[in-house]
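Engineer: Could you build the full structure based on these sequences and the hints that come with them?
What follows is the residue order along each chain.
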Amino acid sequence: MTLVAHLDVHRDRFHLDLRLEIAPGEVVALLGPNGAGKTTALRALAGLVPLTGGHISLDGHPWDAPPRTFLPPERRPVGVVFQDHLLFAHLSAVDNVAFGPRARGTSRAAARDLALRWLDRVGLAEHARAKPRTLSGGQAQRVALARALATDPRLLLLDEPLAALDAATRLHVRAELGRHLAEFRGHTLLVTHDPLDAMVLADRLVVLDHGTLVQQGTPTEVAHHPRNAYTADLVGLNLLRGTAEGTAVTLDGGGVLTLAEPATGPVHLSFPPSAVSVHPAPPTGSPRNTWPVTLTGLEQHAHTTRLRLHGRPPVLADITTAAVADLRLHAGDALWAAVKATEIRAYPATPDR
Amino acid sequence: MSRAPRALAVSLTAAAALAGCGSTDSGTAPTGTAAAGVRGQITVFAAASLTETFTALGDQFEAAHPGTTVTFNFAGSSALAQQINQGAPADVFASAAPTNMQQVQDTGAVTATPTTFARNRLQIAVPAGNPATITGLADFGRPEARIALCADQVPCGAAATKAFQAAGVTPQPDTLEQDVKAVLTKVRLGEVDAALVYKTDVTAAGEQVEGIDFPEAAQAVNDYPIAPLATAPNAAGATAFVDHVLSGTGRTVLTNAGFDSP
Amino acid sequence: MTHSRRRAARGRLPLVLVLPAVLGLAFLLIPLAGLLTRAPWDTLAGELLSPRIGQALRLSLVCATLATLLCLVLGVPLAWLLARGNLPGQGLLRALITVPLVLPPVVGGVALLFVLGRRGLIGQYLHAWFGVSLPFTTAGVVIAEAFVAMPFLVVSVEGALRAADPRYEEAAATLGASRWLTFRRVTLPSVLPGVVAGTVLCWARALGEFGATITFAGNFPGTTTTMPLAVYLALETDPDAAIVLSVVLLIVSVGVLAALRDRWIRGGA
Numbered sequence: 001m002t003l004v005a006h007l008d009v010h011r012d013r014f015h016l017d018l019r020l021e022i023a024p025g026e027v028v029a030l031l032g033p034n035g036a037g038k039t040t041a042l043r044a045l046a047g048l049v050p051l052t053g054g055h056i057s058l059d060g061h062p063w064d065a066p067p068r069t070f071l072p073p074e075r076r077p078v079g080v081v082f083q084d085h086l087l088f089a090h091l092s093a094v095d096n097v098a099f100g101p102r103a104r105g106t107s108r109a110a111a112r113d114l115a116l117r118w119l120d121r122v123g124l125a126e127h128a129r130a131k132p133r134t135l136s137g138g139q140a141q142r143v144a145l146a147r148a149l150a151t152d153p154r155l156l157l158l159d160e161p162l163a164a165l166d167a168a169t170r171l172h173v174r175a176e177l178g179r180h181l182a183e184f185r186g187h188t189l190l191v192t193h194d195p196l197d198a199m200v201l202a203d204r205l206v207v208l209d210h211g212t213l214v215q216q217g218t219p220t221e222v223a224h225h226p227r228n229a230y231t232a233d234l235v236g237l238n239l240l241r242g243t244a245e246g247t248a249v250t251l252d253g254g255g256v257l258t259l260a261e262p263a264t265g266p267v268h269l270s271f272p273p274s275a276v277s278v279h280p281a282p283p284t285g286s287p288r289n290t291w292p293v294t295l296t297g298l299e300q301h302a303h304t305t306r307l308r309l310h311g312r313p314p315v316l317a318d319i320t321t322a323a324v325a326d327l328r329l330h331a332g333d334a335l336w337a338a339v340k341a342t343e344i345r346a347y348p349a350t351p352d353r
Numbered sequence: 001m002s003r004a005p006r007a008l009a010v011s012l013t014a015a016a017a018l019a020g021c022g023s024t025d026s027g028t029a030p031t032g033t034a035a036a037g038v039r040g041q042i043t044v045f046a047a048a049s050l051t052e053t054f055t056a057l058g059d060q061f062e063a064a065h066p067g068t069t070v071t072f073n074f075a076g077s078s079a080l081a082q083q084i085n086q087g088a089p090a091d092v093f094a095s096a097a098p099t100n101m102q103q104v105q106d107t108g109a110v111t112a113t114p115t116t117f118a119r120n121r122l123q124i125a126v127p128a129g130n131p132a133t134i135t136g137l138a139d140f141g142r143p144e145a146r147i148a149l150c151a152d153q154v155p156c157g158a159a160a161t162k163a164f165q166a167a168g169v170t171p172q173p174d175t176l177e178q179d180v181k182a183v184l185t186k187v188r189l190g191e192v193d194a195a196l197v198y199k200t201d202v203t204a205a206g207e208q209v210e211g212i213d214f215p216e217a218a219q220a221v222n223d224y225p226i227a228p229l230a231t232a233p234n235a236a237g238a239t240a241f242v243d244h245v246l247s248g249t250g251r252t253v254l255t256n257a258g259f260d261s262p
Numbered sequence: 001m002t003h004s005r006r007r008a009a010r011g012r013l014p015l016v017l018v019l020p021a022v023l024g025l026a027f028l029l030i031p032l033a034g035l036l037t038r039a040p041w042d043t044l045a046g047e048l049l050s051p052r053i054g055q056a057l058r059l060s061l062v063c064a065t066l067a068t069l070l071c072l073v074l075g076v077p078l079a080w081l082l083a084r085g086n087l088p089g090q091g092l093l094r095a096l097i098t099v100p101l102v103l104p105p106v107v108g109g110v111a112l113l114f115v116l117g118r119r120g121l122i123g124q125y126l127h128a129w130f131g132v133s134l135p136f137t138t139a140g141v142v143i144a145e146a147f148v149a150m151p152f153l154v155v156s157v158e159g160a161l162r163a164a165d166p167r168y169e170e171a172a173a174t175l176g177a178s179r180w181l182t183f184r185r186v187t188l189p190s191v192l193p194g195v196v197a198g199t200v201l202c203w204a205r206a207l208g209e210f211g212a213t214i215t216f217a218g219n220f221p222g223t224t225t226t227m228p229l230a231v232y233l234a235l236e237t238d239p240d241a242a243i244v245l246s247v248v249l250l251i252v253s254v255g256v257l258a259a260l261r262d263r264w265i266r267g268g269a
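Chains as they are written, first to last, in full-length UniProt numbering: chain A, 1 to 353; chain B, 1 to 262; chain C, 1 to 269.
For the record, the hints were derived by calculation from the structure and aren't laboratory data. Nothing here was measured: the structure is a model prediction, and the numbers come from that model. Yeah, the Cβ is synthetic: ideal placement off N, Cα and C, and Gly gets one too. The reader is advised that the hints may include incorrect statements.
Stated by the list, open to error - From chain C, some residues computed to sit far from chain A (all C-beta separations above 10 Å):
| # | residue |
| --- | --- |
| 1 | L19 |
| 2 | L25 |
| 3 | T37 |
Stated by the list, open to error - These stretches of chain C come out as covered by chain A in the derived footprint (C-beta under 8 Å, 3 or more residues):
| # | segment |
| --- | --- |
| 4 | 98-104 |
| 5 | 183-197 |
Structural biologist: And the structure:
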C-alpha cells in the first residue's frame, strides 16, 4: 500500500538516481539546493518526465517502467501544486478547481459542487467567481491546492508551494497546508529548498544533492545527526514544538521558552544555532531564556563549531572555534545555553496527528 | 510556359538580322539618312501585346543607329495612356487601340497624326488537340463548354463582343479575364475549352495553344496606332523609331508575329 | 526650470520614436486620403445601392469569411504542430509556410491551377471521380483566398503559442486532461489574442485578395467577381467607379474590423 519508486533520469549531463518510498498518509519532504534534482524527481512521479531507468509503482500498479510501461500524466491519480500556482487565467477560481473532476469525467454540475466544497474548505468560497489575477498570491496558492486535491489524488505532489509567497502570507498558507496534509490520506511528496517548510510540514526528510540521496529521516533526526556538513548547513535549525500562552511557550519535550511577541495555542519555534550562546556558568544579564545542558557532541565546520546540547530543550549551537578553545569544551561537559527572545521565531503549528 | 516565347524571340531576332542586312545592302532606307542626327535614349511606351515584336524592333533599331538605346515600358494601353497624361517622360506611344491613343491626343500629349502600323484579328484559341472539338463561334454558346473571354472593359473583350454580335451568338463564358495573357494561361493549362484572343497571342503561345480562324473576325479588327509624343525629350529619336516601325523591315517583324498589315 | 522639467516628465515618449511613428502613420494614411479626396461623393450613394456593387461586396464578404474559417480549421492545428511538435526539418517547414506570402499571388493562382485545376495533379481526379471542378467557382475563390491568407494566421498563432507557457499544459495534464481537452480548454484560450489578431489579418488579406483569385477562380459576376476584381476591371475604363468600389470596400472592412476589435479585445481582456 505504498508508493515505490526508483527514479532514474538521465538528461544532458544531469543524472537523477533516487530510491523513494512513501507510505499512505505520509508526507515526505524532498530537500536540497537548486539543481539537486528535486523538481526532476517530482516531474518523473507526475509523468511529465519519463524515466530513463528504474520504476514507479503505486500499490503494485506500475506507472513507469521503461522501456515498456508508461502511464501518461493524465492517467495517473496525482495532484500537483506548482510553485507559481499555474491557475488557468481565463477560468474563475471555481472553474479552475472543477477542471480536474471535469477532465476525469465528472458531470458539469457535480464537478462544480465539488469545486465549491473545496473552495469552502480552503476558505475561499466567496472568491469562487474571481479570476486568478484578482486573487492575492496566498489565495491563488490555496485555490491551486484545492484544484490539486479536488481530483482525489492518491499522490499529492507539491513543488515549492510556498516559495513564491511573501513572508507573512507564507506563514498562513504554511499552516493551512499543514492542516490539509494532516487530513489527506494519500501519499504526499513536498519539494522544497526551505528547511523550515520541510521540518514543519513533513514526517520524513529526504535530502538530495547532485541527483543522489544524501540522508533521510525524521526532521529531528536529520537536524540533530546531519550526515555531513552540507546537511548540517541545510537543516541547521533549532525547531521546537510547544504551546504558547502569551509570551511563554511550554515545550512539548519539556522546558519553557520566552518569546518577544505574544502568541496563542500550538506553535513551532525556530532559531538558528548561531543564536544560541553557551556559558560555563548561569549567565547574568539580558537573555531570559537560559537552561542547563550537557554537551553530547562537537562538529568542526569551516569557521565555526557546532555543538549538540542535550537538555530541556535539546538545541544546536554554533560557536567560534576560538571560543571552543577558550572554554576547553569536551563531550559530557555541563554548560548553560542561552538564546535571546528576539531571536526566536514562532509559527502557528498544525494540530497533532 | 517560357519556352515558346523564347523560341519566338530567337526567330524574330534572326528575321531582324536578315532584314537589317537587307536594308544596309539597299542603302536607300530613310532610316539611313535619319541615323546621322539620332543619338541617346529613346523611351517607347508600347502595349503589352507588342512585347516580343517591339523588343526585336528595338534591337534592330539600335544596331542600325549606333549610339542609341531604346527603352521600353510595356503595359496595358489604358495604363500607359494614364501614365503619359500624368507626365511620364515618353518619346513614343504605341497603343493597342485607337481609344487609348485618343486619350493622349485629348490632353495634347500627342499632336502629330497617329499612324496605324498593324492590325490584330481575333482568333479562337483552344488547348492543343482541341479536346472539346470547337469549330466556330457557335460553340461558345454551348453551356457545357468551358469558355474564357476577356472582360468587356479591356480591348480584347470589347472586340469579342463585336464579333459575337456579328455572328449572332450569345456566349456562355465561365470567366471574364483581366487580360489576354490570363486568358491564354487558362487555355494553356486546359482549364477552359475555348477562348477568344488575338491571333498574335495564339502565335506567341506556341504549341500548347491552337488557333482557329473564323469569318466574323473581320468584323472586329483592332487597329494599333503609333505616334511620337509632343513632349518627347528625344524628338529626333522618336520620329526615327516610328519610321523604323513603319518601314518594310518593321512590317516583316510584325507580320511574322501574326499581325495583319494595315 | 521647474516648468520645463515637469513638461519633460509629462511627455514621456521620446522624440526619436514619435517622429518616425508620425511619419509612418502619414505614410499609411495619406494615400487613403488621396483616394477619399478623389472619390465622387455625389454619386457614391447611388453606386452603393447598385446591384453590381452589392453583388460583388456580398460575394467578397462571404468568401473572405469562409476562407478565414477554412484557415482557422486548418491553420490553428498547423500552428500548434509548428510550435509544439518535434518534427524533423521544422525550421524548413516554418520557412515553407511563408511561401504564399512571398510568392506573387498570380503565381500562387497558377500553382493552384496546376494542383486543383481540371488537369491538375489532384484536380484531374476530383473531376474524373466526383465531377468536381474548382476553377471558376465560388469555392475556387475561397480556396485561392485561403491559400494566400493562411500564413498570416499561422505565423501569428504560432508566435502566440511559442510565447505561451507550456507549464499550463502540464498542469492540465496532471489534472487528467487529454491533449485534445488541454488544447481546447487551456492552450487555445491562453493564445486567444494571437488567434484573434491572426484571424483579423487573415480576413483582411482574404478580402483584398486579387491575383490568386482572378488566376485560379477567374472573374464572373455573381460567382467569382469579388470587389478587388471589380475594382481592377473598372480601373480599365472608369476610374471613378473604381474609386467608388475601393472606398466601399474600405468602409466595410474598416467597419467590420473596428466592430470586431471592440468586441473581442475588450471581451477577451
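Engineer: Just double-check C:L19 for me: nearest Cβ-Cβ distance to chain A has to come out over 10 Å.
Structural biologist: holds, 36 Å
Engineer: Three residues minimum, CB to CB under 8 Å: does the segment 98-104 of chain C make the cut for coverage by chain A? Let me know.
Structural biologist: violated (count 0)
Engineer: How about the segment 183-197 of chain C: do at least three of its residues have a C-beta closer than 8 Å to a C-beta of chain A?
Structural biologist: holds (count 5)
Engineer: Measuring Cβ to Cβ, find out whether C:T37 lies farther than 10 Å from everything in chain A.
Structural biologist: About 45 Å separates C:T37 from the closest Cβ of chain A, which puts it past 10 Å; holds.
Engineer: Can we confirm that no CB of chain A comes within 10 Å of the CB of C:L25?
Structural biologist: holds, 33 Å
When each numbered hint is compared with the structure, a violation occurs for hint 4 only.
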